[in-house]
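Peer 1: The whole structure should be built from the sequences, with the hints applied where relevant.
What follows is the residue order along each chain.
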Amino acid sequence: MENEIEILASFLDSFEPEVSGRSSAPVSDEDAATIAKLAAGELSEADRARLTPLLASNEQAMQQLVAALRGDR
Amino acid sequence: MDLVQRALAGDNAAVVQFERDYRPTLERVLMARGIDRIDAEDLVADIIAECFGAGKKGTMDVRLLEKFEGRSSLSTWLIRITWNRWLDLKRRDKFRGELPRYEGDEAKGADQFDRVADDYEDEDFIETDLAELMAGAIKTAFASLEPDVLVMLKLSFIHGVSQTDIARMWQCDQTRVSRTLSTARSQIAAETMRAIRAAEPDLQIDWDDFKRLCAYGIEI
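Chains as they are written, first to last, in the working numbering: chain H, 3 to 75; chain X, 20 to 239.
Just so you know, the hints here were simulated from the structure itself, not pulled from any lab data.
All C-beta atoms in this analysis are idealised placements derived from N, C-alpha and C, irrespective of residue type, glycine included.
Among the hints, erroneous ones may be present.
To be verified - Chain H is nowhere near these chain X residues, computed Cβ spacing over 10 Å in every case: (1) R25; (2) D58; (3) D225.
Unchecked claim - Pair ranges (Cβ atoms, derived): (4) X:R198 - H:G73: 24 to 32 Å; (5) X:S205 - H:D15: 19 to 27 Å; (6) H:A69 - X:G29: 49 to 57 Å; (7) X:Q24 - H:A27: 38 to 46 Å; (8) H:A69 - X:R56: 46 to 54 Å; (9) H:S25 - X:Q206: 21 to 29 Å; (10) H:D15 - X:A73: 35 to 43 Å; (11) X:Q190 - H:A27: 25 to 33 Å; (12) H:S26 - X:A32: 41 to 49 Å.
Peer 2: Shown next, in the form of structure tokens:
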């Protein structure tokens, strides 16, 4: 484990969702499409502002973004 | 668990190994916080004695080590106990001079500080108190960031996404991403420490200690 943010996040992840504040609710098709646009660098600032709260709180949404980024490379 | 089982079964070599493996670590954890060597050695000696049933008030009904369930590493569990004991001592200091004396205390040889200790020496306190305090502080610190900054931070430091890719998504230059991440890291450190001090003013923990404890907590 190399950086402090990863250490903190991993420590937090070792707790139940109600303590860590994370969610793994399914991502809607509409949100998935928006995530793909963000990964492609095609999302407007306003749409990004609407999407980031979901990415910040939902691990599945974040994983979709990371997967889309890896697919884009 | 093997070392624990053998030590509890009375295997002298296991007891010696347990003490050799963990005593110096626990003492270092305390001394890193500015606790002097004598106090650190005394506190750790008490904890190790209790692990094998030798309490301050005589033989314990349940040896401390029997409470270890293997839900975390042994070192994590022992460090949490050590820190919680230290917190307990700090709380006793806070109460010093404010504790009520009851009629007959002297005749019975009752120690008013033991009354405070009894309030805290339950299993839940030992298992969860410090860890939950730390988790709450981290959660508060992450929540203090704007969502887009938190997402940038997670992408960069947890998922290994390059600053170039983040800049492309955010349609900005990489310098702005770099500056945002640097500011966010500082904010996380400051907010975490602020939350810890708000919840536990007597716990004079610094950022390096906090990170070290988190690392112990996730079983490095």
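Peer 1: Which numbered hints are broken by the structure, listed smallest first?
Peer 2: Of the numbered hints given earlier, the structure breaks none, since each of them holds.
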